[in-house]
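Chemist: Chains A and B, in that order, are what the protein sequence lines are.
Read in order, the letters of the first sequence correspond to residues 1 to 336 in the numbering used here.
Read in order, the letters of the second sequence correspond to residues 1 to 413 in the numbering used here.
FYI, nobody ran anything at the bench for these hints, they're computed from the structure.
Just so you know, even glycine gets a beta-carbon here, dropped at the ideal spot from N, CA and C.
One should not assume that every hint holds.
[Stated by the list, open to error] Coverage of chain B stretches by chain A, computed from C-beta distances (three or more under 8 Å per stretch; other residues unrestricted):
| # | segment |
| --- | --- |
| 1 | 116–125 |
| 2 | 223–229 |
| 3 | 306–317 |
| 4 | 403–409 |
[Said to hold, decoys possible] Heads up, simulated EDC-like pairs for lysine to aspartate or glutamate below, C-alpha to C-alpha not over 16 Å straight-line:
| # | chain 1 | residue 1 | chain 2 | residue 2 |
| --- | --- | --- | --- | --- |
| 5 | A | Lys303 | A | Glu224 |
| 6 | B | Lys306 | B | Glu268 |
| 7 | B | Lys77 | B | Glu127 |
| 8 | A | Lys303 | B | Glu318 |
| 9 | B | Lys363 | A | Glu332 |
| 10 | B | Lys363 | A | Asp330 |
| 11 | B | Lys362 | A | Glu328 |
| 12 | A | Lys303 | B | Glu343 |
| 13 | B | Lys362 | A | Glu332 |
| 14 | B | Lys362 | A | Glu224 |
| 15 | B | Lys363 | A | Asp336 |
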Amino acid sequence: MESVEAAKQQPESSEAVRDNAVLEVHERSGALRERVRISGEVLRIGRALDNDLVLEDPYVCAHHAQLRWGGDGWTLVDLNSVNGLRLADSHQRLDRIALSGPTEIRVGHTALRYRSCDETIVGALKDPTGGRWATLLPRIPMALGTAALAALLIALQQHLNQAEHSAWLPAIAGSVTSVSTLVIWALAWALVNRVFAHRLNYAAHLSIGALCMIGALLLNTLVEYALFALSGDALEQALGTLSLFGFLAVALWGHLGVISHGSGVRRAIVAVSVSVLLYLVFTLPQQARDDYRSNPQFSVLLKPPTFQLSSGLSTDHFYTRAGQLAAEVDAEAAED
Amino acid sequence: MRLFFLLLLILATPALAQDWSTEEVFSRYKAAVVQVRIIDEVGGEKSSLGSGFFISDAGEIISNYHVIADLVEHPGKYRAEYVLDDGSSGPLELLNVDVVHDLSLLRAAAVRRPFLAIESTLPAKGERLYAFGNPYDLGMTIIEGTYNGLLEKSLYERIHFSGSINPGMSGGPTVDRQGNVIGINVATAGNQVSFLVPAGFVLSMLKRVADDNESLHERIGSQLFANQQRYLDELTSQALATATLGSYTIPGKLGGYINCSSRSDQSEERLVDTVAYSCYTDENIYLSDQLSTGAIRMDHTLVSTKDLGQLRFWALMESSFAKFYGGFSGNEDNMSSFQCQTEAVDRGDLRLKVVLCLRTYKKYPGLYDLMQRQITLNQPHQALTTTLVLTGVSIDHGLRFAEAVLESVKWNP
């Protein structure tokens, strides 16, 4: 904050004005290549090595232009160069450009930006990499631990669904398959990370993927037992889908956070939007196809009976509801 | 036992009180038998073949319903033709049907041919009978066989005929030596095991006066409704017959026409013991090549374990409970989609989870296919799954029977 206040102090003498400016050199992509503090009476610009500012640009002459102090301000003067001087937003060639405020100039294929040191500087961003999770996620033991826990939970879940003596073999096979998918998923995100942020961050992406897999497994199990306890079988499919795509959104949010430390809200919007889009991509074609099935489709939650908490319907009540079901079937047939 | 529909034909004048040789029977009655052809209106060629026979001098012909079902299911797309023994042919008009007994009444206008007499009195077991028809479109054929009584395990009355009826003979007559029609060829199980519709049902169909204001589908719907009412009223008029499966009492062999079988699997490789008990009817009512109805099926499976923990056992039950194949026929043209409800049902003495699914017949409103699958939830290491399938039932009769099945399952600690 001190540097900001210092920048805001007004220079009082013409020398102070003269020495209170910088010239920035930008790539065509907009990336800053170099920043030069302007001082003295003249700043020579060109491709030759005897210039004060040497530009590595084949469209710039050996001695292309000079920045001259006129007593009350700086002027950029063309030295009869081949391609001359142009303002950034104009195609008109200029011999001289008076620099009274922030100005962007094109010299060959290089962009120069004249700036005063008095420009207001925005406050520093808070560093999100200092949080507890941001510190833990990139650590290799964290990544390996979460991946191992995910593998264990998947193997356990697969084991529960087998009734043969050799139940652990298929369980381990299923677990290896799932963890391999997780490893590839994290690698894909690491490559994206490498492209956009110049580093892999593989451990962080693996941690995020594994944590989301663990979360989805545990939440799904919890939801199933809760629905069984309360006889809410009808909600299973909807909650299962919500849980799956919810954790996908959380995973996307986390991966994007590792790549870019931008606004969390913006990341959340992107993550949820992508999840909703994937949900539509996977479910709409199925709904549009609307294949007729001659056999009934249903799924029922079955857990150890001791987990059932709510009382069931009476037989009369059940068959009264079945009568209502018949009316719904009739209504659907009438629509067809 | 799987039945294959087929067909045949023959001829005769009213009953003669004389014994004839097979050669004489054929020569005397073949003129009363016709081939029935179903012609595709667009292609102009036959799409299916069967047989039939004259029963009056007004050109009335009897055949099977399944021979002419395309006329009912796809009106305008097909027409029916008769072909006489001399090769002449002409159009057939559909007058009436009896889908429950697989019969149809047709008329060949302005045709006067010898006709056969219907005999509703069944012959003595072992009596020689002669089946007529046109198997595989090979020409008029006579098959000699034996009357072996009515099927005992059949929901729909059928004569057991020991003779080789083949495809193309369906709808043809099977006569005694005097030329009286004893039955109408309808199906075969192969190896000279064939089935006939008792001729008495032809008389019943002729007695029923068709209501001109009633469409064929409405008439068929009424027949199906009355048929399911007949056997479901009988089944629910008293407590269901029961059997025992482990510690459970279950609905068992409900009637003579229901076959029951059991099978157990106590493989050491698996960690559960399974005992299955199935009861089902052999015959369905043919409605079209894509849809049949009138079946009752009930499967009980008792699964128990000593080696599995509760979590693994119930994970297994959850997975196996959802794996259900009912073998339902039909498509979206004639049936709605199944809709299901799943609830926990508390009977006081027993807690169950029950899935009940229904779909309706688009052309026969008021009739449904019903599937009820239930599992007991009273034991941590043992579960009884019961599946009931009823096709072509009214909602009242279907639900009443389904409730009787649910109530019949009892736990005997």
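Chemist: If a hint holds in the structure, say so; if it doesn't, say that too.
Modeler: Status of the hints after comparison with the structure:
1. Check result for the segment 116–125 of chain B against chain A: violated, 0 residues qualifying (beta carbon to beta carbon below 8 Å, three or more required).
2. For the segment 223–229 of chain B, the stated coverage by chain A is violated: 0 residues have a C-beta nearer than 8 Å to a C-beta of that chain, whereas at least 3 were required.
3. Figure legend: the segment 306–317 of chain B, annotated as covered by chain A; annotation consistent (9 residues with Cβ-Cβ distances under 8 Å, at least 3 required).
4. A count of 3 residues in the segment 403–409 of chain B with a Cβ less than 8 Å from any Cβ of chain A is obtained; the coverage claim is therefore met, three being the minimum.
5. Pair hint Lys303/A plus Glu224/A holds up; C-alpha atoms about 9 Å apart against a cutoff of 16 Å.
6. Between Lys306/B and Glu268/B the alpha-carbon distance is near 12 Å, which keeps this suggested pair within the 16 Å criterion.
7. Of the supplied pair hints, the one linking Lys77/B and Glu127/B is violated, its CA atoms being roughly 43 Å apart against a limit of 16 Å.
8. Restraint check for Lys303/A and Glu318/B: the C-alpha separation of about 8 Å stays at or below 16 Å, so the hint holds.
9. Of the supplied pair hints, the one linking Lys363/B and Glu332/A holds, its CA atoms being roughly 14 Å apart against a limit of 16 Å.
10. Restraint check for Lys363/B and Asp330/A: satisfied, since their Cα atoms lie roughly 12 Å apart, inside the 16 Å limit.
11. This hinted pair checks out: Lys362/B and Glu328/A have alpha carbons roughly 14 Å apart, not beyond 16 Å.
12. Of the pairs offered as hints, the one joining Lys303/A and Glu343/B holds, with about 14 Å between alpha carbons and a cut-off of 16 Å not exceeded.
13. Between Lys362/B and Glu332/A the CA atoms are separated by roughly 10 Å; this keeps the pair inside 16 Å, and the hint holds.
14. Our distance criterion of 16 Å between C-alpha atoms is broken by Lys362/B and Glu224/A, whose separation comes to about 36 Å.
15. Among the hinted pairs, Lys363/B with Asp336/A is consistent with the structure: their alpha-carbon atoms are about 12 Å apart, no more than 16 Å.
Checked against the numbered hints above, the structure breaks hints 1, 2, 7 and 14 and satisfies the rest.
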